[in-house]
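Asks: Going by the numbering used here, the sequence shown opens with residue 44, and the numbers climb by one from there.
If you are wondering where the hints come from, they were derived from the structure by calculation, not from laboratory data.
Each statement offered as a hint is correct.
Derived pair list, reagent style DMTMM-like, types lysine to aspartate or glutamate, alpha-carbon separation capped at 25 Å:
(1) K64 <-> E87
(2) K64 <-> D81
(3) K64 <-> D47
(4) K93 <-> D47
(5) K74 <-> D94
(6) K56 <-> D106
(7) K74 <-> E60
(8) K73 <-> E50
(9) K53 <-> E65
(10) K49 <-> E87
(11) K104 <-> D47
(12) K93 <-> D81
(13) K57 <-> D47
(14) K104 <-> E68
(15) K74 <-> E87
(16) K93 <-> E65
(17) K104 <-> E50
(18) K93 <-> E68
(19) K83 <-> E65
(20) K54 <-> E68
(21) K56 <-> D94
(22) K56 <-> E68
(23) K53 <-> D94
(24) K64 <-> E50
(25) K54 <-> E65
(26) K49 <-> D94
(27) K54 <-> E87
(28) K57 <-> E68
(29) K83 <-> D94
(30) K64 <-> D94
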Amino acid sequence: MAMDIKELAKKSKKELETVLKELRETLRQKKFQAAQGDLKTVREIRNLRKDIARILTRYNKHDHE
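Please model the entire structure based on the sequences and the hints provided.
Replies: See below:
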């Protein structure tokens, strides 16, 4: 679920918090699957971490606006 920067810019701070919470939970599940050997593509973990970083960047910009 690659997040588009334009999508993130339209979201409110509360919406970003919700999406961030969901992505962190998904990341936790994927890491658990990877540890068990059930995860087919480890790339998903990397993409989730990048999405989380994008959201945090946008979230912090809300503080400065």
